[in-house]
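Listed here are the chains, written in short residue letters.
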Amino acid sequence: MADQQKSDLDLVADGPLESVGEQALNETSSGDPSLHPSVESLLERFPDEVQRYQIAAGDQWVVWVGPDRIHEVLTWLKDDEAQAYDMMSDVTGVDYGGGRPVEVVYQMFSTIHGRALRIRCPIPLESMETDSVYDLWKSADWLEREVYDLFGITFNGHPDLRRILMPDDYAEGHPLRKDFPLRGRFSRAEQTRLALTQDVERFYSTEDLKAGEPQEVDTDELSAVPENASDDLSGSDLDDGEGL
Amino acid sequence: MGLIDKIPGSGSTRTEGGMFGPGSPTFLTSKVDALINWGRMNSLWPMPFGTACCAIEMMASAASNYDLARFGMERMSFSPRQADVLICAGRVPYKLAPVLRRIWDQMPQPKWSISMGACASSGGVFDVYSMVQGIDTIIPVDVYIPGCPPRPEGLIYGLMMIQEKIRQESLSKHFEHRAEDPALVARPRASEQEVIGLSGPFGNSTQQEELSTGAPAASTSIED
Amino acid sequence: MASKTVEFQVGQGSEMGVGGGGALSPLAPFDIDEPELGTEQMLINIGPQHPATHGVLRLVCELDGETVTSVTPHIGYLHSSFEKLGEYRTWNQIVPLTDRMDYLAPLIYNCAYVMSVEKLMGIDVTERCKVVRVILMELDRIFGHLLWLGTTAIDVGAFTPFLYSFQQREKIYSLHEALTGARITTSATRVGGMMADLPEGWLGQLGEFLDNFPKTLAEVHHLLTGNQIHIGRTQGIGAISADDAINYGFTGPNLRAAGVPYDVRKDRPYYDYETYDFEVPVGQHGDCYDRYLCRMEEMEQSVSLIRQAMSRLPGGPINVEDPGITLPSKTDAMSDMESMIHHFKLITDGIPAPAGDCYMPIEASKGELGMYVVAEEGDTKPVRWRVRPPSFVNLSVIPKLAEGHLVSDLIMINASLDIVLGEIDR
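Residue numbers (this note's numbering), protein chains in the order written: chain Z, 149 to 392; chain H, 5 to 228; chain D, 5 to 430.
Mixed in with the good hints, there may be bad ones.
[Said to hold, decoys possible] Distance condition first, Cα-Cα at most 30 Å in a straight line; then the derived BS3-like pairs of lysine-lysine:
#, chain 1, residue 1, chain 2, residue 2
1, D, Lys270, Z, Lys226
2, Z, Lys326, D, Lys349
3, D, Lys349, Z, Lys226
The hints are simulated quantities; they were obtained by calculation from the structure and are not laboratory data.
The task is simple: from the sequences and hints, build the whole structure.
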């Protein structure tokens, strides 16, 4: 059993598929940017960062912004008085599969101007990291943790980037990636066994409760799984706290 | 149930306050089994392990329209230490599995369990990476209630089946039936082969490959 | 450090003295400093299986005495991977998943999902369908708020409102049942219309419910609104300012209680909500009591909205008349070969979508519910189906809200946020 897992995981640990970033971004812009004041000013202010823009589903404006200066762009969109996107409704990810970049999608709304804008930020598979916007919108806290959990994108500067939906020691990978099988990588028997060997009393230590300090995050969880996954689970470093 | 024995010649002072009016006997004899089962089945304290949609129907059963109190079950025991019957209502992901197992281990004997709804019984529509495919791989189950979610009538019928089961139990044999191997505490109830068998014919990707090629799966299978 | 005078008679051993001062004269009263007691933060764990967490939520609290100094919520105990499952299903097959997500107000989720798909595909549903969906969504807003009312009242020690609210919920259950055949898992909508038109006599039953429901609401008002115990447990508890509430991503009644009049129905209207006459209740303090008042008022507004919608319900077909989207009637499919083929093709192939993405926010009973679908050209399944869950974001604020309050207040704060774990964990 362990051998099979090892080989499964090895393939994943060998690294992601080749990115065809350029090819995917070949699509062109459409729509008249003067219709949406924010898109127009974005093009003026960050001409190099805006990769393209489109109108989706009739009236929804989407702007693709590269990952290098995404934090700067979003800061400006929040703080500039003419934009004032004070509400970050949603942060999520989209994986198209086939080696195309995973996109982080920001849904923003300005309660002052009554405008909505969607920013999509393609993250190449080689890096899989971007900047956190937790310092701008506190609502991004759990949303970014979820993207980290399900897509494996690391948000630099997030104070407490841990898995949120899956168990902390989940060893099978990041479920919403297209290369993740619907029923998981391990057999049902192995999943059941692993589930019942979970220590339900984890997180009892005061140290672990101290959110706010950046935690060490393994960018590639999969490669960190040793040969015998179950031994690793019981000896998790989260156990060293004072249990009750 | 039981036998009413009229004792001839018993003193009139003793029969005066008789059980069934003046002159009737003051005691009855019965089998211990029948008496104890009667007591147990009419004062079941459920431990509601409610997680999802089924829990809402469980609440509806306890509310005024369906009124579980008619069965002596109005006392929902949120502590497993004082509960008799575990009602697992709703989906159970792997993350919750050790919690369910621990709550079952904490319940004192004699105890029964109900798997309410399709998800608890078999995983239901959620044949996915995060869900337990039936809680009977984790804990023993006495009654399965079908439905998604079952109606309150369904839950009540399930509880009545538990009552029927209790009625047929025997004190002398009870612990034989119910004894659990101490080695099983905090361990899956079902064996590895059983769990794999349960996940067929669809199974997970590892097993699918095994089935289709006849060889043990060796590589990552990518489903699109 | 407090000091206190200790006086005691001589004992057998000096260890009886508080300071253990054997050298001191045992007869003379003396002052000693109270020994410094070691204090430490206490950790308590609530959940994941706990009646007061309204689901399988787990809260690990750090306490100083009885005061909460920090709360760490742990979620994911109900993670059923809806979004992954959705990528393997055709557009219409996803509908049954949506009502298992928020089982407190399933019809809102049904409608929200198909609305986003219809918007992506550019489908205009019929007028009748729009009005019917408004009726159903407002009905389920009441449905969701009623469960919140009952369970929250239990958390502050009042059992009667639970029975009252479930009595009314049973009426909505039977309305659901008459409409769809199921009590909770309704799956009432389809892309381009509804599973079926309203059954005969349904509106009459609904009208009966609307006549009786405000009486129950008034009774609950009578029980809770002026109740000193309820006020003491909720006023000033878990307050948040308007700016913080926006920044932390609050939506729905939680945000409006903080004084921000943001309601998706007003600010980003859909289904002609701008033509309905209704008010958005707004609180002042952002505490649990204001959240309670907002929801109570919202139920009354919903009653009025349903009445308005009922009065303007037009006739005509409920599904769009496009053979590429809507299934033929069952009678046709069974008797006519063309319709049979059409039915078969639509079921097996599904509905092709254009390339693009669509984010459709609507006002659910918990807050802004956003359905985000992404498709590539001709896809009959979504590349990505994302639900922006309102209670997920609302719950993430609980560490801030609960800080400095007592443990018992934490329970009230958690209840007042109106969470549903099926949607948080998905």
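Going through the hints against the structure:
Note on lysine 270 of chain D and lysine 226 of chain Z: the hinted pairing holds, with a Cα-Cα distance of about 23 Å set against a maximum of 30 Å. At roughly 27 Å between alpha-carbon atoms, lysine 326 of chain Z and lysine 349 of chain D fall within 30 Å of each other, so this suggested pair holds. Pair hint lysine 349 of chain D plus lysine 226 of chain Z does not hold up; C-alpha atoms about 48 Å apart against a cutoff of 30 Å.
Violation of the numbered hints given earlier is confined to hint 3; every other hint is satisfied by the structure.
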